[in-house]
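Each chain, written out:
There are 2 protein chains.
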Amino acid sequence: MGFQSVPFDKKSIDDILEKSGIPLGTASIREMNRIINTIEKQLNVRYIRMEFGIPGLPVNPIAIEAEIEALRNNLAHIYPPFDGIPLLKEATKDFIKAFMNFDVPSHCCVPTNGSMQGGFISMGLAGRRFPERDTILFLDPGFPVNKLQCKVWGYGNDSIDLYDHRGDKLLKAVEERFATGKIGGIMYNSPNNPSWVVLKEYELEGIGKLCSRYRVMAIEDLAYFGMDFRHDYGIPHQPPYQPTVAHYTDQYIVLISSSKMFSYAGQRIAMAIISPNLFNETSKNLLTYFGTDNLGHAFVHGGMYPMTSGVSHSSQYGLAALLRASVNGQYKFTDFVREYERRAKGMKKAFLNNGFTLVYDNDLGEPLADGFYFTVAYPGRDGCRLLEELVYYGVSAISLVTTGSSRTEGIRACVSLTKMEDIPELTYRLETFHHEH
Amino acid sequence: MGFQSVPFDKKSIDDILEKSGIPLGTASIREMNRIINTIEKQLNVRYIRMEFGIPGLPVNPIAIEAEIEALRNNLAHIYPPFDGIPLLKEATKDFIKAFMNFDVPSHCCVPTNGSMQGGFISMGLAGRRFPERDTILFLDPGFPVNKLQCKVWGYGNDSIDLYDHRGDKLLKAVEERFATGKIGGIMYNSPNNPSWVVLKEYELEGIGKLCSRYRVMAIEDLAYFGMDFRHDYGIPHQPPYQPTVAHYTDQYIVLISSSKMFSYAGQRIAMAIISPNLFNETSKNLLTYFGTDNLGHAFVHGGMYPMTSGVSHSSQYGLAALLRASVNGQYKFTDFVREYERRAKGMKKAFLNNGFTLVYDNDLGEPLADGFYFTVAYPGRDGCRLLEELVYYGVSAISLVTTGSSRTEGIRACVSLTKMEDIPELTYRLETFHHEH
Numbered sequence: 001m002g003f004q005s006v007p008f009d010k011k012s013i014d015d016i017l018e019k020s021g022i023p024l025g026t027a028s029i030r031e032m033n034r035i036i037n038t039i040e041k042q043l044n045v046r047y048i049r050m051e052f053g054i055p056g057l058p059v060n061p062i063a064i065e066a067e068i069e070a071l072r073n074n075l076a077h078i079y080p081p082f083d084g085i086p087l088l089k090e091a092t093k094d095f096i097k098a099f100m101n102f103d104v105p106s107h108c109c110v111p112t113n114g115s116m117q118g119g120f121i122s123m124g125l126a127g128r129r130f131p132e133r134d135t136i137l138f139l140d141p142g143f144p145v146n147k148l149q150c151k152v153w154g155y156g157n158d159s160i161d162l163y164d165h166r167g168d169k170l171l172k173a174v175e176e177r178f179a180t181g182k183i184g185g186i187m188y189n190s191p192n193n194p195s196w197v198v199l200k201e202y203e204l205e206g207i208g209k210l211c212s213r214y215r216v217m218a219i220e221d222l223a224y225f226g227m228d229f230r231h232d233y234g235i236p237h238q239p240p241y242q243p244t245v246a247h248y249t250d251q252y253i254v255l256i257s258s259s260k261m262f263s264y265a266g267q268r269i270a271m272a273i274i275s276p277n278l279f280n281e282t283s284k285n286l287l288t289y290f291g292t293d294n295l296g297h298a299f300v301h302g303g304m305y306p307m308t309s310g311v312s313h314s315s316q317y318g319l320a321a322l323l324r325a326s327v328n329g330q331y332k333f334t335d336f337v338r339e340y341e342r343r344a345k346g347m348k349k350a351f352l353n354n355g356f357t358l359v360y361d362n363d364l365g366e367p368l369a370d371g372f373y374f375t376v377a378y379p380g381r382d383g384c385r386l387l388e389e390l391v392y393y394g395v396s397a398i399s400l401v402t403t404g405s406s407r408t409e410g411i412r413a414c415v416s417l418t419k420m421e422d423i424p425e426l427t428y429r430l431e432t433f434h435h436e437h
Numbered sequence: 001m002g003f004q005s006v007p008f009d010k011k012s013i014d015d016i017l018e019k020s021g022i023p024l025g026t027a028s029i030r031e032m033n034r035i036i037n038t039i040e041k042q043l044n045v046r047y048i049r050m051e052f053g054i055p056g057l058p059v060n061p062i063a064i065e066a067e068i069e070a071l072r073n074n075l076a077h078i079y080p081p082f083d084g085i086p087l088l089k090e091a092t093k094d095f096i097k098a099f100m101n102f103d104v105p106s107h108c109c110v111p112t113n114g115s116m117q118g119g120f121i122s123m124g125l126a127g128r129r130f131p132e133r134d135t136i137l138f139l140d141p142g143f144p145v146n147k148l149q150c151k152v153w154g155y156g157n158d159s160i161d162l163y164d165h166r167g168d169k170l171l172k173a174v175e176e177r178f179a180t181g182k183i184g185g186i187m188y189n190s191p192n193n194p195s196w197v198v199l200k201e202y203e204l205e206g207i208g209k210l211c212s213r214y215r216v217m218a219i220e221d222l223a224y225f226g227m228d229f230r231h232d233y234g235i236p237h238q239p240p241y242q243p244t245v246a247h248y249t250d251q252y253i254v255l256i257s258s259s260k261m262f263s264y265a266g267q268r269i270a271m272a273i274i275s276p277n278l279f280n281e282t283s284k285n286l287l288t289y290f291g292t293d294n295l296g297h298a299f300v301h302g303g304m305y306p307m308t309s310g311v312s313h314s315s316q317y318g319l320a321a322l323l324r325a326s327v328n329g330q331y332k333f334t335d336f337v338r339e340y341e342r343r344a345k346g347m348k349k350a351f352l353n354n355g356f357t358l359v360y361d362n363d364l365g366e367p368l369a370d371g372f373y374f375t376v377a378y379p380g381r382d383g384c385r386l387l388e389e390l391v392y393y394g395v396s397a398i399s400l401v402t403t404g405s406s407r408t409e410g411i412r413a414c415v416s417l418t419k420m421e422d423i424p425e426l427t428y429r430l431e432t433f434h435h436e437h
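Chains as they are written, first to last, in this note's numbering: chain A, 1 to 437; chain B, 1 to 437.
In case anyone wonders, no lab produced these hints; they're calculated from the structure.
These numbers were taken from a predicted model, which means no experiment stands behind them.
All C-beta atoms in this analysis are idealised placements derived from N, C-alpha and C, irrespective of residue type, glycine included.
Hints are supplied without guarantee of correctness; some may be wrong.
[Stated by the list, open to error] Cross-link-like lysine to any residue pairs, in silico, SDA-like; alpha carbons within 20 Å at most:
1) Lys284/B <-> Tyr155/A
2) Lys147/A <-> Asp293/B
3) Lys151/A <-> Phe229/B
4) Lys151/A <-> Val45/B
5) Lys209/A <-> Asn101/A
6) Lys284/A <-> Lys147/B
7) Lys147/A <-> Ser309/A
8) Lys151/A <-> Asn285/B
9) Lys151/B <-> Asn101/A
10) Lys419/B <-> Ile160/B
11) Lys349/B <-> Met420/B
12) Lys151/A <-> Ile160/B
13) Lys151/A <-> Gly291/B
14) Lys284/A <-> Ile235/B
15) Lys151/B <-> Lys209/A
16) Lys151/B <-> Gly404/A
17) Lys172/B <-> Ile160/B
18) Lys332/B <-> Thr180/B
[To be verified] The calculated label-pair distances, taken between Cβ atoms and stated as ranges, are:
19) Lys332/B <-> Ile22/A: 42 to 52 Å
20) Glu176/A <-> His247/B: 51 to 61 Å
21) Thr408/B <-> Thr288/A: 47 to 57 Å
22) Arg215/A <-> Gly355/B: 51 to 61 Å
23) Pro58/B <-> Pro86/A: 37 to 47 Å
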């Protein structure tokens, strides 16, 4: 089959690791990336790269052509409106109705420079809406940068691990935290990075009701919109709809990233959907920091304006075209990303057949969905040591510890860069690893 | 000549103003904009629009074609590096050498989503570099949103008015503030929005030395790079060079906006040039907020990453192409924006011939340059009342009060939306105004 023989030269790899000075077990995604690049180059080998959560599929030409048209139409010299171009706001409103089945006026749909910016501003508002409520609660494991955002704001953070908190136990833990009176916002993503567990309707309903009761902002990061492939969320105006806390509370800001669902990561654009009630809310505490006491105005004129003055004009046209084509049924985004499901199935099989187990293996009784990420462990090793051993076998990932997980035995695998034709080679490498351990 | 007769219908205008509920004298740029749009539409009239500082010229096709090529080359699905693409960083380094005559390594040149983001992050770092130094000092009048940025960070602000502080008096005032030990950064733009005064080399040198002595960060916003048209700063590798505090201190972050100099406002991209010494500096206080004690790392991984994860991939190629073409002498950006000088000359003449005077009229003994903005007053009226009267005569601007100026008699005029062929109509309107007052 012409596979590269593993293990690779351990001595050379050890030299590179030592020189880097970074222990693999605690390396960030970017650090891991740099180390593996170096090994690949110096040893002339190719890794199965599972550390990096970047989209591996090209964006649809619908977006590219719309951007090019906007550029040719002389928009590059005109400041975009801080709250987004009407075309995009309208398309978003229609998209929300078609795929999430709720109504929101277009002025509540605001483009941001990636969901990163949407999350940053939402968190900023959540922590300053009420005095003393400047702690953000995270459902872990999660995206480590969200906790960094919290730090930048100078807020506190608290977390609940989904591994041992699901269903009523999760809701009980959330309520306990809310009851302290210190929580301004709760942030989570579902499907979850890195575990790929998906919150049930029952859990979203419970969280939503608690947010309403305690007036805590739900910051729902739908980075993987429509990507729980156990259900087809991609048919406009037809159930099933993408689950969301917005069905159960008026305390939400829902973040819809274009990076994964549309593979549009390079142009840095996402949508923040702000509950109309929140949008109209006034709070004196906001005035001190955002120059206005109105929450919607604070998002746009106290957030988007002083932070970036809006989002690149041409990419707003690109995203508007993708959303509109999805609503019209002209483009089925769930079919496009379903490629990740096929990869996850194949890759998980290669792991599970060779002594590995899933860490987050239980989705409240249901088998876990196949998607962008999964988590694995190998008997008798913690995640750090596992990474250090796998690296000789040409397989790279990140340890779960860096995602805030309490499961120190695990590692996170991202499927996006592994093509279907690479899976036999992954299988051979894991077989060899398993045989030698 | 077919000019629209002025004054316009006062009754209708009064009705619109009353309905808006916003007193013109304190209206922000955006509010003024909305009111004038309404009047234009309802009365079917056209204003000489001087309220809005937006570029009135189209961006050069060099940028557009480079963006389109990047989009066609499949970059839209790939996350841009948080610290910018090497092509852009290298072009910036060369641009700095060619037009500002100083050396900076390319890793210190970081693209941001507009200078707005560069200023926001710089200010964030300036206020947290040292404990207790969380006040930003502004040279006023200035861009009001910079003060809003300060609020968002939760910092204090202080200011010195350039109207009565120039030369040694300015430096003395700056030193007095620095000596309090509370100032983390000093922020200014030169040429100055709105007064169009330009800091002299002598003043920049003094500020630079004070920044070094007191370790205060100089945040120099060169929004109008090369646009002091009394000098030709647009010939690569030849004096005169764009003046900058970077010649006099290692405590600088210089912000180079593409919005005005290249008319590239729509794509939200600028460059932050971070002093290599600052870039390498470590400070324990930064660690608490930005996840790293290194200032350069804090800018990129504690700022750009958690706020927007970088800048739109295609616009990085667009800006790189403009910078490279400028360095190569293929594109002379100062000739392009010199159009604003011609407009300013004509428009100022129309004002000065009809009883108006310049407010900021003295550039330390030199006559003021003609550029993007100027400031005027009319005898016996404060700026608010002047705006309210001019609005009947089809002329819109903003009051100087909203820019932090102590000169309550003045208004700010931006030349960018008034074409050369509109100047006779402006002249007729001001003549009529003057005649009737």
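Requested in this report: Against the earlier hints, flag every one the structure doesn't satisfy and list their numbers going up.
Outcome: Checked against the structure, the hints that fail are numbers 3, 4, 7, 9, 10, 12, 14, 15, 16, 18, 21 and 23, while the rest are satisfied.
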